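Undergrad: For reference, the chains in residue letters:
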Amino acid sequence: KAGVTQTPRYLIKTRGQQVTLSCSPISGHRSVSWYQQTPGQGLQFLFEYFSETQRNKGNFPGRFSGRQFSNSRSEMNVSTLELGDSALYLCASSLVGGGRDYGYTFGSGTRLTVV
Amino acid sequence: DAKTTQPNSMESNEEEPVHLPCNHSTISGTDYIHWYRQLPSQGPEYVIHGLTSNVNNRMASLAIAEDRKSSTLILHRATLRDAAVYYCILKGGSQGNLIFGKGTKLSVKP
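In order, the protein sequences belong to chains A and B. Start counting the first sequence at 1; every next residue gets the next number (the working numbering). Start counting the second sequence at 1; every next residue gets the next number (the working numbering).
Bear in mind the hints are in silico, worked out from the structure with no lab data behind them. Just so you know, these numbers come straight off a predicted model, no measurement behind them. It cannot be assumed that every hint is accurate.
[To be verified] Chain B regions said to be covered by chain A (calculated; three or more residues, Cβ under 8 Å):
#	segment
1	36-46
2	88-102
[Stated by the list, open to error] Distance ranges between label pairs, derived from CB positions:
#	chain 1	residue 1	chain 2	residue 2	range
3	B	PRO110	A	GLN18	43 to 51 Å
4	B	GLN42	A	GLY40	25 to 33 Å
5	B	GLN95	A	TYR10	17 to 25 Å
[Stated by the list, open to error] Below, in silico cross-link-like pairs of lysine-lysine (BS3-like), each with a Cα-Cα straight-line distance of 27 Å or less:
#	chain 1	residue 1	chain 2	residue 2
6	A	LYS57	B	LYS109
7	B	LYS102	A	LYS57
8	B	LYS69	B	LYS102
9	B	LYS109	B	LYS3
10	B	LYS69	B	LYS105
Backbone N, C-alpha and C define an ideal beta-carbon position, used for all residues, glycine too.
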């Protein structure tokens, strides 16, 4: 089956611009999470969406936002880009239900460079 | 969120078993233990997870201490493709999120 698809793979933006990243989860996965990975801070949790609602949120400024559509696809938006936003942005999807815990499947990420 | 402690790096020989340790002394009763690995230039890959009992799958085994304050990821026969950073993560319940630490960088020698 198809994995988690993130588009675009690479992106170069200028400071002050805004950017939208897209994530298509595995079919049937209704939870989508976003992570930022940088060499200095490692992997950091941004937020999680489930059934079009933000369920958890990490410690990032309000410039970082997201949403989830009825088909579980998710988008992440960063406004007023700063140089420090340059990172690999990863999306992960998971099954939810039955009070069970499931593993996450990650996409290959979007490499964002802010210049 | 509860924290985990892992060695920064470990080395293994190809085709030998590898035991990757993880300490999580502040684990709570509802925390699940997850393991992921990340190869260079790729997103993390799910390896295994468990709550209280030892778990096995096609990739690895997870041995959880009886008091749940530590766990060990076991790769039964290391291959060169197993060289990666391995993350041990505590996930707060079925609705929690993953909090990554720095992980253990595993090197596999031929």
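Undergrad: If a hint holds in the structure, say so; if it doesn't, say that too.
TA: Here's how the hints hold up against the structure:
Coverage of the segment 36-46 of chain B by chain A holds in this model, with 6 residues showing a Cβ closer than 8 Å to a Cβ of that chain against a need of three. A count of 11 residues in the segment 88-102 of chain B with a Cβ less than 8 Å from any Cβ of chain A is obtained; the coverage claim is therefore met, three being the minimum. Judged by the Cβ atoms, the range 43 to 51 Å given for PRO110(B) and GLN18(A) holds: they are separated by roughly 47 Å. One distance hint, 25 to 33 Å for the beta-carbon pair GLN42(B) and GLY40(A), is violated here, with the actual separation near 20 Å.
For GLN95(B) paired with TYR10(A), a C-beta distance near 33 Å fails the hint of 17 to 25 Å. For the hint linking LYS57(A) to LYS109(B), the alpha-carbon distance of about 40 Å lies beyond 27 Å, and the restraint is violated. A hinted pair counts as satisfied when its Cα atoms are at most 27 Å apart, and LYS102(B) with LYS57(A) qualifies at roughly 21 Å. Taking the CA atoms of LYS69(B) and LYS102(B), the gap is near 19 Å; set against the 27 Å cutoff, the hint holds.
This hinted pair does not check out: LYS109(B) and LYS3(B) have alpha carbons roughly 30 Å apart, beyond 27 Å. With a C-alpha separation of about 22 Å, the suggested pair LYS69(B) and LYS105(B) falls inside the 27 Å cut-off, and the hint holds.
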